[in-house]
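Number of protein chains: 6
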Amino acid sequence: MTEYTAFKVELTDNIAHVQINRPDKINAMNAAFWEELVEIFQWIDDTDAVRVVVISGAGKHFSSGIDLTMLATLAQQLGKDVGRNARVMRRTILRLQGSFNAVDNCRKPVLAAIQGYCIGGAIDMVSACDMRYCAADAQFSIKEIDMGMAADVGTLQRLPRIIGDGIMRELAYTGRRVDAQEALRIGLVNRVYDDQAALLDGVFAIAREIAAKSPIAVAGTKEMISYMRDHRIDDGLEYIATWNAAMLQSEDLRVAMAAHMSKQQPTFAD
Amino acid sequence: MTEYTAFKVELTDNIAHVQINRPDKINAMNAAFWEELVEIFQWIDDTDAVRVVVISGAGKHFSSGIDLTMLATLAQQLGKDVGRNARVMRRTILRLQGSFNAVDNCRKPVLAAIQGYCIGGAIDMVSACDMRYCAADAQFSIKEIDMGMAADVGTLQRLPRIIGDGIMRELAYTGRRVDAQEALRIGLVNRVYDDQAALLDGVFAIAREIAAKSPIAVAGTKEMISYMRDHRIDDGLEYIATWNAAMLQSEDLRVAMAAHMSKQQPTFAD
Amino acid sequence: MTEYTAFKVELTDNIAHVQINRPDKINAMNAAFWEELVEIFQWIDDTDAVRVVVISGAGKHFSSGIDLTMLATLAQQLGKDVGRNARVMRRTILRLQGSFNAVDNCRKPVLAAIQGYCIGGAIDMVSACDMRYCAADAQFSIKEIDMGMAADVGTLQRLPRIIGDGIMRELAYTGRRVDAQEALRIGLVNRVYDDQAALLDGVFAIAREIAAKSPIAVAGTKEMISYMRDHRIDDGLEYIATWNAAMLQSEDLRVAMAAHMSKQQPTFAD
Amino acid sequence: MTEYTAFKVELTDNIAHVQINRPDKINAMNAAFWEELVEIFQWIDDTDAVRVVVISGAGKHFSSGIDLTMLATLAQQLGKDVGRNARVMRRTILRLQGSFNAVDNCRKPVLAAIQGYCIGGAIDMVSACDMRYCAADAQFSIKEIDMGMAADVGTLQRLPRIIGDGIMRELAYTGRRVDAQEALRIGLVNRVYDDQAALLDGVFAIAREIAAKSPIAVAGTKEMISYMRDHRIDDGLEYIATWNAAMLQSEDLRVAMAAHMSKQQPTFAD
Amino acid sequence: MTEYTAFKVELTDNIAHVQINRPDKINAMNAAFWEELVEIFQWIDDTDAVRVVVISGAGKHFSSGIDLTMLATLAQQLGKDVGRNARVMRRTILRLQGSFNAVDNCRKPVLAAIQGYCIGGAIDMVSACDMRYCAADAQFSIKEIDMGMAADVGTLQRLPRIIGDGIMRELAYTGRRVDAQEALRIGLVNRVYDDQAALLDGVFAIAREIAAKSPIAVAGTKEMISYMRDHRIDDGLEYIATWNAAMLQSEDLRVAMAAHMSKQQPTFAD
Amino acid sequence: MTEYTAFKVELTDNIAHVQINRPDKINAMNAAFWEELVEIFQWIDDTDAVRVVVISGAGKHFSSGIDLTMLATLAQQLGKDVGRNARVMRRTILRLQGSFNAVDNCRKPVLAAIQGYCIGGAIDMVSACDMRYCAADAQFSIKEIDMGMAADVGTLQRLPRIIGDGIMRELAYTGRRVDAQEALRIGLVNRVYDDQAALLDGVFAIAREIAAKSPIAVAGTKEMISYMRDHRIDDGLEYIATWNAAMLQSEDLRVAMAAHMSKQQPTFAD
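Protein chains in written order, with the working numbering: chain A, 1 to 270; chain B, 1 to 270; chain C, 1 to 270; chain D, 1 to 270; chain E, 1 to 270; chain F, 1 to 270.
Rather than coming from a laboratory, the hints here were simulated on the basis of the structure. Accuracy of the hints is not assured; some may be wrong.
[Claimed, not checked] In silico DMTMM-like cross-links for lysine to aspartate or glutamate, where the CA-CA straight-line distance does not exceed 25 Å: (1) C:K8 with C:D45; (2) E:K263 with D:D146; (3) F:K263 with E:D146; (4) A:K263 with A:D13; (5) A:K80 with F:D234; (6) E:K25 with E:D179; (7) C:K80 with E:D270.
[What the hints assert, rightly or not] Pair ranges (Cβ atoms, derived): (8) C:D45 with E:L78: 17 to 23 Å; (9) A:D201 with F:A49: 53 to 59 Å; (10) E:R208 with C:A31: 36 to 42 Å; (11) B:D13 with D:V88: 21 to 27 Å; (12) C:A75 with E:E182: 53 to 59 Å; (13) B:D81 with E:R185: 43 to 49 Å; (14) F:A198 with E:D179: 21 to 27 Å; (15) B:D234 with A:A269: 47 to 53 Å; (16) B:A136 with A:T47: 44 to 50 Å; (17) F:R254 with B:D234: 35 to 41 Å.
Here a beta-carbon is modelled for each residue, glycine too, at the ideal position from N, C-alpha and C.
All chains should be modelled from the sequences, with the hints used to inform the complete structure.
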């Protein structure tokens with residue numbers, strides 16, 4: 001397993017555990033974070049043995065968002081011409097977005113396990129995951145508004161697909177804190193666990209359940225749900241028909257059917 | 001009224017009751033089911049006297065989804081060439097989708113009344129209905145994942161428009177059971193009734209309420225809401241303007257206005 | 001401040017209070033209402049000192065929707081040729097929609113404070129606002145169905161982005177009343193206040209909070225969330241990157257950062 | 001081969017020749033025409049032995065468009081209520097459109113061979129074909145404008161994808177005649193032949209060429225080009241990748257490669 | 001008829017002639033131009049007696065594009081904050097675009113008659129017209145590139161729908177001159193006339209032809225073609241079906257049919 | 001300058017010349033080709049000194065398309081399970097598409113200079129360029145159909161935006177040769193030069209012309225035209241307004257204006 005400076009990554013039982021690992025910095029997202037995340041998800045995508053991903057944060061908090069020293073560095077790239085500055089800015093934002101796009105585009109389900117602070121860039125990140133689970137002490141805030149800027153690495157694009165439009169706007173305009181129970185009520189998380197230990201136990205149990213399914217079936221299911229965020233129902237129906245034209249010829253249906261008949265647990269190849 | 005083998009269909013008080021009628025097979029969807037459903041909804045669409053549709057399942061369960069013996073038959077259509085198999089598969093899936101598209105495209109509201117199992121293909125079906133109501137014993141499961149396949153007759157396309165994205169993914173990846181109360185909380189059903197009798201009473205009461213409205217107004221309302229699942233707000237506004245350019249010249253507005261003035265119940269033509 | 005006949009408009013502390021002001025007519029939307037609303041929002045858009053908008057209704061009710069005498073006047077425009085009538089109707093509907101589009105397109109957040117009746121056209125109106133808050137006595141009804149027509153000034157287009165699809169259809173087909181608690185549960189309002197006084201206190205507190213943020217950041221945030229109702233995630237990401245290419249060169253980031261460092265409240269220019 | 005009243009249909013060498021066969025009525029499109037066309041293309045779609053379709057018109061002219069007596073019959077369906085008339089009209093138009101959608105959606109290439117008049121509904125029809133070829137005496141006119149109506153069975157939707165926007169509008173607003181040479185210049189037809197005999201020879205030669213290709217490859221090619229009329233480039237790229245994931249596993253690639261190596265003509269299964 | 005400073009407007013025989021009337025300034029587009037254009041097209045849209053519009057330029061040239069002194073004035077609006085400057089700029093561009101949107105959205109066909117220079121903003125303008133015709137001395141140039149900017153009032157958005165993608169890019173990147181014959185060949189104009197007099201004669205002849213058609217049919221035809229620049233074929237088919245559900249109930253069909261039977265010219269109401 | 005095995009790359013006068021450099025293999029696209037192309041365009045995108053790109057092929061032919069030995073290697077990746085093969089195939093196709101996406105997404109104009117064969121994958125490649133120019137001996141063929149497959153690296157997605165729909169289909173279904181003059185007539189190339197020397201002279205002259213323009217203006221122009229292939233006109237107008245909100249604050253406008261006033265050639269920074 002490659003070593004990373006901002007993350008700790010482990011692969012056990014077909015589950016990749018991607019842990020943000022800068023607990024003394026409240027897991028703030030520094031330059032290494034953004035680059036390594038792309039590499040990690042490239043590896044995940046290329047490794048058939050990885051069937052599910054869990055993202056968590058080391059220490060008391062999930063993450064406080066983008067590292068402010070990194071922002072300062074970015075600001076130093078700017079020169080005198082507004083037009084050329086805009087050109088640099090635009091490309092930098094697109095590059096940062098690319099890190100969370102790698103999470104979103106991952107062909108395997110990504111589960112976020114959140115405790116403590118989940119602020120600013122951290123919400124952009126978990127919005128790019130498939131499902132979110134949290135401990136009772138979790139606190140969410142779309143903090144970018146208090147930095148004088150509109151969030152630009154994914155929250156404003158992905159979160160309105162996850163929570164209601166009315167509450168989305170209130171949270172984005174005010175940046176106010178949301179606790180675990182409200183997060184559950186508005187659909188931001190799927191479940192609240194008592195504490196961090198219970199959270200990780202619970203999330204890994206769900207991950208194991210998914211890892212035991214046919215990876216062909218899980219990948220197709222994820223592709224289709226993600227596709228529907230942006231496409232029409234008729235296009236979606238045609239897409240799954242084309243997709244399954246190949247995938248229903250897979251061994252996995254026979255394996256599943258045989259297990260169903262013999263009332264045993266099926267075992268699927270990677 | 002035509003006789004069907006997989007359904008029992010009745011028309012009373014402008015309400016068509018379409019009952020899946022294979023209770024000894026847990027209302028599993030066999031070959032006749034898919035064909036007859038298209039015919040039934042063709043008849044519904046052609047019959048102005050039908051103003052609302054209720055779909056229910058005979059016996060203790062709504063439906064256990066696609067009949068496995070039918071799947072086996074489909075598997076026998078396949079030959080040696082992967083490409084030509086894909087061609088056959090793709091067309092078969094599109095044809096099966098067509099049966100639930102007939103439900104979705106129906107010009108009149110379709111209400112699903114669900115008790116007991118609502119599993120696999122049954123969720124695809126109720127996702128194509130306008131509203132879903134259930135008895136306290138209802139159990140939902142996106143079961144396709146356990147057959148080693150991505151659901152391909154509509155659940156993955158339509159359900160994300162109905163329930164939240166985060167819970168959608170959990171249910172689709174794990175196939176876990178959802179009970180009536182959770183179904184209510186996540187928006188999968190509009191209301192939970194104590195038992196099957198109360199369920200049918202309640203759903204037919206709502207159906208009668210809708211059947212008493214102007215069918216011109218109800219049809220326009222359905223067209224617009226369905227349209228908005230896939231279109232932009234500005235397109236939707238232009239579409240209703242064009243639609244109502246004709247429909248506001250209907251008698252029904254005068255009938256409604258006269259009833260309003262005289263504080264009586266209006267009676268609308270079919 | 002301009003005087004209006006259907007509204008009372010005030011600007012205090014960067015908050016424009018737009019009050020529907022025909023309490024003796026239950027704030028029914030007459031011809032003046034539709035015209036003045038456009039003028040008011042033109043002024044709001046042109047006035048940098050306005051940072052947030054609150055819409056409320058004078059008296060015991062928010063609004064009973066479109067004024068029936070106005071509808072009667074519209075009916076008199078019609079002649080003998082169905083085609084030319086349709087031409088007139090279509091343009092009239094588009095013009096009325098334009099009034100609520102002005103609310104929706106406003107570059108600043110618009111908060112609706114709702115007490116008592118919020119019926120028919122009033123729901124079309126609040127659906128075009130960013131957030132909705134109500135008093136405990138609020139009652140909502142998509143009343144158009146009872147006038148023999150499909151709602152055509154925005155409810156059917158915007159509300160499905162705010163509340164769930166299943167409940168949306170039930171409310172639109174039946175026109176049944178929704179009380180404050182149900183409105184909260186289905187996401188129609190963000191919060192319920194005990195009475196009208198508490199409602200206005202609460203909404204103005206939120207408005208003040210937003211008015212204290214960077215107007216550049218708030219405007220960008222609103223633009224992005226509104227954009228995502230109708231656009232793809234990848235388009236949204238590119239759009240914010242292009243937008244922020246200019247906006248991150250604003251003074252407001254420096255102001256926010258300096259305040260953050262000095263642990264003081266930032267003060268942003270209009 | 002089934003007998004039709006408005007058409008003569010033959011299948012030779014994998015080419016289905018669909019000939020409009022009412023030469024004494026200038027091949028006007030009567031009620032039988034619209035119904036039979038759907039049946040014919042259902043048969044074409046279901047018959048793997050059909051690899052290419054040629055549509056032509058018997059006699060001196062391709063077709064004069066919709067039969068006016070049929071229009072008169074449609075007019076008699078109308079009653080007193082404008083709203084219910086609109087409901088009938090809308091469904092009738094959708095049904096007529098369905099006949100040409102069957103041509104457009106056909107999974108095999110459809111070539112139109114046009115001589116003499118190609119007017120009104122006939123342009124709607126050939127706009128739904130893949131390619132158009134004509135004799136030197138061909139005359140085209142978007143005649144609907146002279147009947148006091150906007151064309152509504154496909155010309156206004158499909159022709160702008162085929163010819164330039166500027167000339168499209170001139171032809172649609174004026175209904176003026178276009179001769180063979182202009183048709184070639186604006187891209188309406190691919191080639192002009194001296195007379196009807198040369199036209200049929202030429203078109204069947206192209207049809208035979210296509211019929212000799214892999215039907216799997218041709219079907220995929222058609223699906224992709226048709227898809228691109230309405231979809232984004234990135235969606236199109238993903239779609240062909242999903243499609244070819246199955247189709248590149250077909251025998252046809254090996255057959256083609258072997259023929260290429262041995263410098264012989266490949267023979268593909270249906 | 002209202003008097004304008006940048007235009008001369010006449011209404012004769014149902015044709016509105018909108019002439020840019022600053023020949024001594026090569027019809028450069030000054031502040032009055034942009035404002036008056038909106039007013040003129042508002043009047044055109046509101047006036048049923050106007051059935052067709054011809055836009056031309058007084059003097060030797062059609063127009064040299066935006067007035068540079070106006071640009072200088074705009075530049076003076078800018079202050080010190082890049083973010084707030086961007087806010088001003090964006091709104092100004094949107095406002096200028098609005099003037100040509102008024103041309104594009106006009107419900108009646110707009111024909112451009114072009115002689116001499118048609119440069120920069122003038123191409124943005126004629127791209128918003130339905131059809132373009134020119135005299136032999138016409139010269140076109142997408143001149144914005146030489147002002148150090150990307151054209152932002154419509155050329156880059158509308159012209160690619162009119163001319164081919166490959167030549168579009170060459171013209172936009174280089175700003176090179178296109179003469180009348182090339183303009184004809186690439187589809188930028190529909191026809192080339194010998195000189196300005198022949199041009200106006202020719203264009204007015206076409207305009208008269210269109211003005212004699214049913215205005216209901218022409219408006220529907222324009223709406224549909226414009227709609228298809230941005231929408232799918234299936235959406236377009238549904239839209240015309242909904243549109244014609246009302247419009248086929250118009251008198252104009254009967255008028256047209258009667259004229260057809262009696263072989264006379266029909267006369268349609270406005 | 002990095003050395004490549006499949007390409008020769010030079011940067012002179014702000015123009016990057018990317019030459020396919022396997023003349024003894026008719027510039028067939030081998031594994032190195034696909035990888036190096038991505039690297040080259042990454043360098044181009046990162047290097048502000050590159051303002052324009054010219055792609056050409058060394059030797060007598062532009063390129064014969066994908067290297068058949070590479071296809072054979074790909075075939076060896078396949079195993080026994082159709083589903084897992086499809087997974088591999090799909091990802092391989094997406095990866096190959098990525099190489100031409102890099103050309104398409106390049107922020108600077110890319111000009112293709114084509115002589116001799118331009119076949120199969122070579123058409124996919126030039127379809128991803130901004131403009132195409134050819135020598136009189138050029139020959140084009142969508143050759144994939146003869147390999148028993150639908151083209152899957154871009155021709156079917158991008159070419160229909162460049163040439164007419166009718167001729168597109170004929171060329172794609174038959175794979176027939178298109179010579180230089182026909183290529184010009186159908187819009188596939190912008191100009192035909194007598195021979196390869198004249199071709200390179202001509203293309204570099206155009207490239208130099210573009211390289212002398214403001215790179216800020218050229219980049220914005222390209223972004224907008226590319227955007228319009230897939231987006232609505234109203235979205236495009238809003239996008240350029242947002243883009244130019246920053247870019248009109250660039251120095252380049254002042255430089256251009258000053259040069260215009262002094263009748264001198266402007267000099268723009270990279």
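Tested hints:
1. C:K8 with C:D45: Within the cut-off at roughly 17 Å; holds.
2. E:K263 with D:D146: 12 Å, holds
3. F:K263 with E:D146: Satisfied, since the Cα-Cα distance of roughly 12 Å is no more than 25 Å.
4. A:K263 with A:D13: The hint holds at about 23 Å.
5. A:K80 with F:D234: 32 Å, violated
6. E:K25 with E:D179: Since the Cα atoms of K25 (chain E) and D179 (chain E) sit roughly 22 Å apart, the hinted pair holds (cutoff 25 Å).
7. C:K80 with E:D270: 14 Å, holds
8. C:D45 with E:L78: 17 to 23 Å: For L78 (chain E) against D45 (chain C), whose Cβ atoms are near 19 Å apart, the range 17 to 23 Å holds.
9. A:D201 with F:A49: 53 to 59 Å: Holds, at about 56 Å.
10. E:R208 with C:A31: 36 to 42 Å: 39 Å, holds
11. B:D13 with D:V88: 21 to 27 Å: 24 Å, holds
12. C:A75 with E:E182: 53 to 59 Å: The hinted range 53 to 59 Å holds for A75 (chain C) and E182 (chain E), with Cβ atoms some 55 Å apart.
13. B:D81 with E:R185: 43 to 49 Å: With Cβ atoms ~47 Å apart, the hint holds.
14. F:A198 with E:D179: 21 to 27 Å: 22 Å, holds
15. B:D234 with A:A269: 47 to 53 Å: 48 Å, holds
16. B:A136 with A:T47: 44 to 50 Å: Given about 45 Å between the Cβ atoms, the range holds.
17. F:R254 with B:D234: 35 to 41 Å: 37 Å, holds
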